[in-house]
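Asker: Using the sequences and the hints, build the whole thing.
When we follow our numbering, the leftmost residue of the first sequence carries the number 571, and every step to the right adds one.
Heads up, some of the hints might be wrong.
[Stated by the list, open to error] Within a straight-line C-alpha distance of at most 20 Å, the following computed EDC-like cross-link-like pairs (lysine to aspartate or glutamate) qualify: (1) K798 / E697; (2) K629 / E669; (3) K595 / E905; (4) K821 / D874; (5) K820 / E830; (6) K723 / E753; (7) K899 / E809.
Read the hints as simulated data drawn from the structure, not as lab findings. Source: prediction; values computed, not measured.
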Amino acid sequence: MTKMIIICGPTTTGKTELGLRLAKKFNGEIVSADSRQVYKGMDIGTGKDISNFKFQISKIKFNNKNIGYYENKRLKIWGLDIVNPDYQFNVGEYKKIAEKIIADILKRGKLPIVVGGTGLYIKSLIEPLEFVSIPPNEKVREEVRNLGIKELKNKLQKIDNERYLKMNNSDRNNPRRLIRAIEIANYLHNRHSGEDPPAGGDDSRINNGFWTSPSTPSSGQRGQNDVKVLLIGLTAPKEVLYKRVKDRIKKRLGQGIIKEIKSLLKRGYEWELPSMSGLGYKEFHPFFKKKAELSEVLRKWQQDEIKYLKRQLVWFKKMPNIHWFDITKPEFYTEMENLL
RNA sequence: GCCGGGAUGGCAGAGGUGGUCAACGCGCGUGUCUGAAAAACACGUUAUCCAGGUUCGACUCCUGGUCCCGGCA
Numbered sequence: 571m572t573k574m575i576i577i578c579g580p581t582t583t584g585k586t587e588l589g590l591r592l593a594k595k596f597n598g599e600i601v602s603a604d605s606r607q608v609y610k611g612m613d614i615g616t617g618k619d620i621s622n623f624k625f626q627i628s629k630i631k632f633n634n635k636n637i638g639y640y641e642n643k644r645l646k647i648w649g650l651d652i653v654n655p656d657y658q659f660n661v662g663e664y665k666k667i668a669e670k671i672i673a674d675i676l677k678r679g680k681l682p683i684v685v686g687g688t689g690l691y692i693k694s695l696i697e698p699l700e701f702v703s704i705p706p707n708e709k710v711r712e713e714v715r716n717l718g719i720k721e722l723k724n725k726l727q728k729i730d731n732e733r734y735l736k737m738n739n740s741d742r743n744n745p746r747r748l749i750r751a752i753e754i755a756n757y758l759h760n761r762h763s764g765e766d767p768p769a770g771g772d773d774s775r776i777n778n779g780f781w782t783s784p785s786t787p788s789s790g791q792r793g794q795n796d797v798k799v800l801l802i803g804l805t806a807p808k809e810v811l812y813k814r815v816k817d818r819i820k821k822r823l824g825q826g827i828i829k830e831i832k833s834l835l836k837r838g839y840e841w842e843l844p845s846m847s848g849l850g851y852k853e854f855h856p857f858f859k860k861k862a863e864l865s866e867v868l869r870k871w872q873q874d875e876i877k878y879l880k881r882q883l884v885w886f887k888k889m890p891n892i893h894w895f896d897i898t899k900p901e902f903y904t905e906m907e908n909l910l
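Answerer: See the structure below:
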């Protein structure tokens, strides 16, 4: 039985650090599960821990281009710098590339250690999510772009009322979710009516629940590719986490986040890009437009960071089968090693 | 010192002819979650500067006080 480790939890808990430590000890390689660290040139704001690491090109391809990894001695970190900041990355893409990377690591007889705070990305690896492989449909999106919530609801109800009924109140008022639901309904409709659907996931063999976690007892045959997943969650008392957030902001300012943003803007990346909506970037928008003082930016940044941290806690709290560890307890590491 | 304006929830900030008044936004709290997820969205949350007076009743009118802002000096 092959194994895989996933380290998750809210921001600032030292997931990467732990990942590297385990990688060293158990002959593993890190695979990032982070929706922001995939962007090239966004290093300080997204908190890539890559000082002393060298970027190397691999033979694994994404969109016909070879992706790279960061290496230091024998330690490798995958999943960073996959695309440029103006590329619209998303879960589906993540799932595809991460599965390729993990398969490669396993093939070489090493231990994949997935590390990250993006809950949905992690979920996509260990649970069968059938719609995740349905690609965006620009035509559909263009059509509904300017519709209001009411109109979006009506439209969805018309083409797939069942799907609408399954949505909860929160999602029914979320334009993004409504548009996506319309897109999915559209896709399924076309498939049923015999038209050729756009190509979905390019490797259906590993698309649905290839990696099994204890929470998803295997329903189908997964054969010898079965991988056992160990989920480790890192956390700490809230006051500790908040303090770490404060320290982080100071640190990133010192590392030159402003300079990094300047260079991104110089290269033509706009504030409206999804990549620029990340923490530590979007807060600087009014600053660069001369509409806010630096102190305001920092206050807002800290606030946003803490709100994000809380949302992560909500998400991971609900995820089953996580072995939680409080990083402020000195014995946490040895206790955790006993699991391995 | 004089003249004028103002004091509303954690912040910012509306409104109405005295009649259960008290918007919106932000924050805060709790959540949602299958191709934007560090995103987007839902639900919840608290108030009329102080002391008197007029009145059946005052956040709203009157007097005094305290504090703030602008102008004149």
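Asker: Now tell me if each hint is right for this structure.
Answerer: Right, here's what the structure says about each hint:
Restraint check: the Cα-Cα separation between K798 and E697 comes to about 13 Å, which is no more than 20 Å; the hinted pair holds. With a C-alpha separation of about 14 Å, the suggested pair K629 and E669 falls inside the 20 Å cut-off, and the hint holds. Taking the CA atoms of K595 and E905, the gap is about 15 Å. The hint holds against a cut of 20 Å. Of the pairs offered as hints, the one joining K821 and D874 holds, with about 17 Å between alpha carbons and a cut-off of 20 Å not exceeded.
Taking the CA atoms of K820 and E830, the gap is about 15 Å. The hint holds against a cut of 20 Å. Straight-line distance between C-alpha atoms of K723 and E753 comes to about 13 Å, which keeps the hinted pair within the 20 Å bound. For a cut-off of 20 Å, the pair hint linking K899 to E809 stands: about 14 Å separates their Cα positions.
Comparing the model with each numbered hint stated earlier shows that all of them hold.
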